[in-house]
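There are 2 protein chains.
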Amino acid sequence: MSDPAARKAPAPAARQAAEAAAVARFRLRLTKGTHIAVGPGRIELLEAVRDAGSIIAAASDLGMSYRRAWMLLDDLNRCLRAPVVESVHGGAQGGGSRLTATGLELVRLYRRIEQTAARACGEDIEALKALLD
Amino acid sequence: MSDPAARKAPAPAARQAAEAAAVARFRLRLTKGTHIAVGPGRIELLEAVRDAGSIIAAASDLGMSYRRAWMLLDDLNRCLRAPVVESVHGGAQGGGSRLTATGLELVRLYRRIEQTAARACGEDIEALKALLD
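Line order of the protein sequences matches chains A and B. Residues in the first sequence are numbered from 1 upward in steps of one, following the working numbering. Residues in the second sequence are numbered from 1 upward in steps of one, following the working numbering.
Hints are computed from structural coordinates only; laboratory data are not their basis. There may be inaccurate statements among the hints.
Where chains are identical, the list cannot tell them apart; a pair therefore holds if satisfied intra-copy or between any two copies.
[Said to hold, decoys possible] Computed cross-link-like contacts, DMTMM-like style, restricted to lysine to aspartate or glutamate with a CA-CA straight-line distance of at most 20 Å:
1. Lys129 <-> Glu105
2. Lys129 <-> Asp61
3. Lys129 <-> Asp51
4. Lys129 <-> Glu19
5. Lys129 <-> Asp75
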């Protein structure tokens with residue numbers, strides 16, 4: 001293999017990619033030691049529980065197994081100072097799960113940070129995308 | 001399996017994680033279609049080439065195979081409007097690789113965006129970390 005710059009004929013996947021517009025996306029991760037505590041996947045899951053009203057419906061909406069959803073939420077509950085999800089007993093739906101005040105605050109802060117970051121860096125992100133398009 | 005909030009005795013990994021301080025890290029990814037064009041790993045590789053002066057030395061510094069480093073750089077060269085890495089022939093080191101002006105600009109913009117984002121979101125990130133610590 002020689003210098004990458006020397007080989008210029010694009011492979012099909014690269015050519016297809018070259019034709020699509022560049023999209024920039026921030027992902028914020030919070031780690032504790034080597035453990036990923038909060039990341040985009042977990043926030044998406046919390047939003048799904050908030051919207052669907054149960055873990056099983058949220059998992060189904062995301063095409064995720066109930067077991068995996070449960071384990072991610074269990075881990076979140078352990079990582080944070082207070083649980084993010086709690087059981088709802090009885091009522092018209094016969095029970096389910098909902099976000100606690102901590103869970104709602106976690107989602108709100110996470111999404112606001114993404115928006116603030118995208119706004120603050122708008123000019124540089126456009127310059128970066130211009131290198132690709 | 002019942003409600004995650006109900007089971008509170010922490011597993012050893014979670015307990016260890018609970019004791020570490022939370023660290024927040026932005027990762028910016030630029031995609032074209034389904035293809036990840038620019039992300040943290042590629043930027044780190046470009047910085048290693050810039051600092052080491054060759055792809056083989058950069059790969060070694062990152063504990064990556066030469067083949068993988070070459071393929072990532074080749075893909076970057078194809079994704080961008082202009083190559084990011086070029087060969088250097090002759091000289092005291094007997095040749096190697098260096099970043100082009102485009103490659104240097106890519107790294108500069110990417111790192112500046114990360115810093116701007118972290119600064120702009122400082123207060124919300126502290127609030128998010130406070131939910132974990």
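Checklist entry - Of the hints given before, which are not true for this structure? => result 2 and 3
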